[in-house]
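Novice: Next come the chains, spelled out residue by residue.
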Amino acid sequence: MASAAAAVAATDRTAPRVRALLAAALALPGIVPAPAAAQTMPDAGFIQFKYLDYRDWQPGARRMRVENPGFYVMSPFAEAWVVEGALVYDGMSGASPMWHDTLSGASGEGIHDRRAAGDVKLTRYFDGFSVGAGVAYSHENDYISRGGSVDLRVWTADKNTTYTFSYAGAADRIDTPDGAANHERKYVNDFLVGVTQALSQTAIVQSNLTYTRGHGYFDDPYKTFDSRPDNRRVLAWLTRLNRHFPDHHGTLQLAYRYIDDSWDANSHMVEAAWVQPLPHAFSVRPNLRYYTQRAAYFYFDPPFPTGLVFGQPYTADTRLSAFGAFTLGLLLAKDFGGGWSGDLKVEYYRQKSDWRAGGNGSPDILPFSARWIQVGVGKTF
Amino acid sequence: MRRTRLAVSLALLVLLSGCASFAPPQPWEKQYLATPAMQFDADKLDVRNTQHIYYSKEGAAGGYGIGGGGCGCN
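First to last, the sequence lines map onto chains A and B. First residue of the first sequence: 2, per our numbering; consecutive thereafter. First residue of the second sequence: 287, per our numbering; consecutive thereafter.
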């Protein structure tokens with residue numbers, strides 16, 4: 002399965018099953034896909050189930066656990082149409098928000114929440130371009146989000162270049178049981194412009210620019226004194242390069258992302274992965290990611306609530322502090338034949354103030370660690 | 287400062303792109319490009335789960351796609 006290069010295969014000698022797998026990826030529900038060298042109509046459907054087990058902790062304390070089964074299906078129909086959808090369920094428990102929150106720290110109540118989310122997307126293929134439209138819905142006890150999206154993809158005649166233009170909008174409603182947030186609203190508009198270019202027989206690059214503009218309620222209602230600006234603009238520039246090395250039968254995957262944030266939580270992210278096929282239709286993919294961000298301009302270091310001025314933006318949320326983070330992961334996948342595939346992925350994540358690039362991370366914050374495991378199975382049909 | 291960031295970004299882009307020469311393939315030369323490892327976001331649910339985790343634990347997110355709607359996780 003794969004995201005965009007679905008169509009690349011259509012013009013070459015790739016086996017039908019591989020082609021079907023590739024075609025399975027045309028659009029990520031919930032995340033507009035990253036088109037590859039070209040787009041064509043997928044000629045087979047794909048169904049996937051994945052189970053995620055996530056845990057995080059800080060020194061001396063376990064915090065949050067999330068168990069998340071997810072389901073995705075994509076199917077072509079009526080010759081020029083593709084429908085796809087996803088359902089995910091999050092069961093959250095533990096004692097997250099990290100600092101000065103009203104659920105775990107002070108009251109000791111802990112968090113038990115559930116999130117159910119789903120989306121559906123319909124895409125119509127034409128000669129040289131495709132048009133898609135989708136809707137998304139997410140429900141938590143205290144947070145409901147409704148969204149919609151449209152996208153246009155245009156590819157060149159040689160199918161070596163694809164341009165993507167997308168728009169998505171979401172209207173969110175926040176109601177907390179304790180009344181800290183009462184019928185609050187948040188509205189977000191997203192824009193994406195992307196280009197994917199086959200550079201050679203063995204290299205493909207993609208660059209996406211997304212611009213997110215939101216207004217409304219951005220506070221964390223569970224954090225004492227948390228008061229954030231009522232608008233935010235985020236510009237993210239993601240560039241990825243995949244390069245195959247025929248002599249080693251392996252593929253290098255590189256990514257770099259820069260984020261410019263109107264709250265000043267600007268960040269850099271670099272990631273590298275290597276995909277190595279193994280005997281018996283196995284493959285492994287180790288990956289390493291580094292992320293560094295500066296603090297939001299209204300984040301204040303401990304001791305809490307230093308810096309608080311009523312009427313001014315304020316947060317002690319460490320997610321908006323200055324820090325660096327590493328992720329180390331390993332994926333093991335197997336093609337079972339007959340359209341069946343399976344995978345197991347383990348990732349370990351750690352945040353530390355000291356790891357911010359150039360130093361000057363936010364002081365007096367405990368390291369934060371997480372690990373997550375995904376087990377998945379897929380089938381083309 | 288902004289100029290520095292832009293310069294760093296451009297330099298990285300050039301580095302990324304520079305790893306390969308520019309010779310767009312003919313239709314019969316795409317067997318490597320068609321392999322799953324050469325796709326971006328090959329595994330839908332993996333991308334979705336992973337980006338959701340980063341979105342909920344880091345200051346800002348974006349770039350990978352849009353249209354998933356919001357959540358109360360950040």
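One or more of the hints may lead you astray.
Label-pair distances were calculated between CB atoms; the ranges are [stated by the list, open to error]:
(1) P310/B to N183/A: 49 to 59 Å
(2) A309/B to G129/A: 18 to 28 Å
(3) G170/A to A309/B: 18 to 28 Å
(4) A309/B to H250/A: 14 to 24 Å
(5) L153/A to P310/B: 15 to 25 Å
(6) V132/A to A309/B: 24 to 34 Å
Please keep in mind that the hints were generated in silico from the structure rather than gathered at the bench. Don't be surprised by glycine CBs; every beta carbon is placed ideally from N, CA and C.
Novice: Please go over all the hints and tell whether each is borne out by the structure.
Specialist: The hints, checked one at a time:
1. P310/B to N183/A: 49 to 59 Å: 56 Å, holds
2. A309/B to G129/A: 18 to 28 Å: 23 Å, holds
3. G170/A to A309/B: 18 to 28 Å: 40 Å, violated
4. A309/B to H250/A: 14 to 24 Å: This hint holds: roughly 21 Å between Cβ atoms.
5. L153/A to P310/B: 15 to 25 Å: 22 Å, holds
6. V132/A to A309/B: 24 to 34 Å: With a Cβ separation near 31 Å, V132/A and A309/B satisfy 24 to 34 Å, so the hint holds.
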